[in-house]
Amino acid sequence: MMRENKGMRALQYLILAIIAVLFLLPLVWMLFSSVDPHAIQAIKLPSHLTMANFSAILTDPNIMRSFGIGLLVSGFQAFFVVAISVLAAYPLSRYPLPWKKPFLLSILFLTSLPMTAVIVPVYQMFLYMKWQNSLIATTIFMISTSLPYGIWMMKNFMDSVPEGLEEAAWIDGSSVWGGVRKVVMPLMLPGIFTIAIFTFTGSWGNFFVPFILITAPEKLPASVTIFQFFGNNGLVDYGQLAAFSVLYTLPVVVLYTFAQRYMSKGFSFGGAVK
Amino acid sequence: MDAAGVVPPRKKPRNAQDKAKRKLAFWLMIPSFVLLLIFFITPMVLTILFSFTNLSLTGANASALKFIGFQNFVTMFKDPQLAQSVWKTIIFVVFSAVIGQCFFGFLIAFMMRGKNRTFRRIVGLIIIAAWVTPEVVVGFCWVAFLGDNGTLNLLAHSLLGMKPVAWLYTFPMISIVIANIWRGTAFSMMVFQTALDDIPAEVEEAAVMDGASRWQLVTKITIPMVRGTIATNIMLVTLQTLGVFSLIYTMTGGGPGNATATLPVFMYKQAFVAYQLGYGTAISLVLLLIGALASLLYMRVLKVRL
Numbered sequence: 001m002m003r004e005n006k007g008m009r010a011l012q013y014l015i016l017a018i019i020a021v022l023f024l025l026p027l028v029w030m031l032f033s034s035v036d037p038h039a040i041q042a043i044k045l046p047s048h049l050t051m052a053n054f055s056a057i058l059t060d061p062n063i064m065r066s067f068g069i070g071l072l073v074s075g076f077q078a079f080f081v082v083a084i085s086v087l088a089a090y091p092l093s094r095y096p097l098p099w100k101k102p103f104l105l106s107i108l109f110l111t112s113l114p115m116t117a118v119i120v121p122v123y124q125m126f127l128y129m130k131w132q133n134s135l136i137a138t139t140i141f142m143i144s145t146s147l148p149y150g151i152w153m154m155k156n157f158m159d160s161v162p163e164g165l166e167e168a169a170w171i172d173g174s175s176v177w178g179g180v181r182k183v184v185m186p187l188m189l190p191g192i193f194t195i196a197i198f199t200f201t202g203s204w205g206n207f208f209v210p211f212i213l214i215t216a217p218e219k220l221p222a223s224v225t226i227f228q229f230f231g232n233n234g235l236v237d238y239g240q241l242a243a244f245s246v247l248y249t250l251p252v253v254v255l256y257t258f259a260q261r262y263m264s265k266g267f268s269f270g271g272a273v274k
Numbered sequence: 001m002d003a004a005g006v007v008p009p010r011k012k013p014r015n016a017q018d019k020a021k022r023k024l025a026f027w028l029m030i031p032s033f034v035l036l037l038i039f040f041i042t043p044m045v046l047t048i049l050f051s052f053t054n055l056s057l058t059g060a061n062a063s064a065l066k067f068i069g070f071q072n073f074v075t076m077f078k079d080p081q082l083a084q085s086v087w088k089t090i091i092f093v094v095f096s097a098v099i100g101q102c103f104f105g106f107l108i109a110f111m112m113r114g115k116n117r118t119f120r121r122i123v124g125l126i127i128i129a130a131w132v133t134p135e136v137v138v139g140f141c142w143v144a145f146l147g148d149n150g151t152l153n154l155l156a157h158s159l160l161g162m163k164p165v166a167w168l169y170t171f172p173m174i175s176i177v178i179a180n181i182w183r184g185t186a187f188s189m190m191v192f193q194t195a196l197d198d199i200p201a202e203v204e205e206a207a208v209m210d211g212a213s214r215w216q217l218v219t220k221i222t223i224p225m226v227r228g229t230i231a232t233n234i235m236l237v238t239l240q241t242l243g244v245f246s247l248i249y250t251m252t253g254g255g256p257g258n259a260t261a262t263l264p265v266f267m268y269k270q271a272f273v274a275y276q277l278g279y280g281t282a283i284s285l286v287l288l289l290i291g292a293l294a295s296l297l298y299m300r301v302l303k304v305r306l
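Protein chains in written order, with the numbering used here: chain A, 1 to 274; chain B, 1 to 306.
Note that these hints are calculated values from the structure, not bench results.
Please note that the accuracy of each hint is not assured.
Claimed, not checked - Now the stretches of chain A that chain B is said to cover, found in silico as 3 or more residues with beta-carbon under 8 Å:
| id | segment |
| --- | --- |
| 1 | 63-73 |
| 2 | 120-127 |
| 3 | 205-215 |
For glycine and all other residues, C-beta sits at the position ideal for the given N, C-alpha and C.
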């Protein structure tokens with residue numbers, strides 16, 4: 001490739017290393033403090049390692065329930081966004097429909113609207129319908145907000161599966177559904193995983209929606225209960241806060257590691273828009 | 001020939017087939033239609049309607065909802081806090097997203113090219129780790145970093161002998177901008193890595209052979225070749241940053257005072273802390289309109305062809 005002189009190369013390595021350290025510092029605080037028996041606000045090497053912070057979190061039934069609620073909400077959201085998007089994406093990708101273009105343009109438009117903006121009327125709607133504190137209604141709302149993105153991505157992934165393969169399955173006697181199940185879906189698995197993982201992690205990290213729509217403490221997901229360490233009394237148990245953060249971040253890291261080989265696809269705009 | 005006789009009967013079944021497809025398409029899309037209608041379109045319409053009412057959670061207005069015309073908007077445009085909030089939103093978006101994330105994302109992606117594989121992997125993973133970390137945790141990590149007894153003060157004290165600074169109070173805007181750059185740079189980095197990888201090596205080699213300097217190579221060849229990606233990325237990060245709430249709420253709560261109250265935080269404060277839902281809705285309409293404009297611009301930039 002390009003010829004660079006050695007000094008320039010070394011300088012770039014140095015700059016990248018400095019950037020990496022700066023990116024690492026805030027995270028290292030979390031990792032160190034989570035195993036530190038006397039964690040403080042500043043970063044410091046633990047005098048000795050302890051699992052006490054983690055066991056305090058893991059044995060707290062309220063915190064564990066909030067993790068369970070978070071998993072359920074995010075799991076359902078990911079599942080239904082994928083299922084509903086597949087249904088909608090199939091005709092959008094395969095059939096000539098008169099209203100396809102305006103529909104897709106509206107979907108693309110909706111994907112990029114800041115959802116924060118509609119929370120006040122949604123809150124009012126929830127009050128009026130007596131849905132406040134309903135985890136089911138909150139999950140359905142969250143499913144709806146992820147749908148435009150899900151449909152848009154799913155349609156693009158489906159477009160990349162050649163129609164000829166599906167026709168071959170029909171000739172072999174498959175129904176439309178059979179063709180989708182046996183040919184289209186297996187080829188789209190990377191896409192389906194990408195959408196499911198993006199939806200799950202987005203939902204898992206979503207603090208704002210449950211914060212507004214759920215007030216009952218026993219129904220709050222982990223994204224909100226994390227605030228309990230940030231007590232109003234000013235006393236913060238940094239060790240437990242860090243341990244909670246580590247446990248709360250873990251599922252996301254695992255999923256992204258799993259998704260990494262598919263992810264690069266989502267970052268190329270060239271082929272994504274058809 | 002009999003072709004003329006064949007065409008009409010063939011046309012009929014095809015129409016019938018199209019009709020059947022349309023019907024099936026309709027049923028397949030019903031769940032999406034219903035959900036989008038109830039939870040996306042309705043709230044947007046309500047946003048417009050409510051912003052003309054005296055909607056409120058408490059007080060005398062809570063029971064008697066009535067249309068008050070443009071009063072919320074009059075209040076809004078007279079409210080110096082709103083103008084400030086819009087201004088803060090612009091600063092936050094421009095500095096943390098357009099300049100910060102895009103610039104650093106490009107810089108990192110660019111410098112990573114042709115470097116040692118393991119080195120690239122480690123640096124990339126660290127930066128992506130910041131991106132996958134949930135927003136609230138990012139907020140806590142930065143509070144710990146910038147707090148009065150935090151890491152930065154510790155470093156500044158032990159390296160430079162500086163007195164501790166209350167960073168989050170003294171420089172609240174800079175603090176949230178830096179935290180958001182930290183959080184979002186990975187996205188732009190990955191976008192630019194994909195785009196830079198797509199540049200054929202011959203193009204740059206040819207330029208080098210023709211005697212282009214390194215600076216010329218970057219400004220005349222590399223950047224123009226990823227111009228489309230840069231534009232798209234700027235739009236995407238702008239849209240993502242417009243709605244940021246949790247990070248700011250965790251770090252500063254919009255304060256001190258309203259120093260970091262960007263539109264989403266300002267809206268939250270008016271609607272759910274001051275219980276002025278009507279006024280809060282009027283603010284969200286502003287946010288929605290800015291988002292809609294940016295979204296339309298984004299679609300223009302993408303040159304969507306369907």
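Which numbered hints does this structure break?
Hint 1 alone not satisfied by this model.
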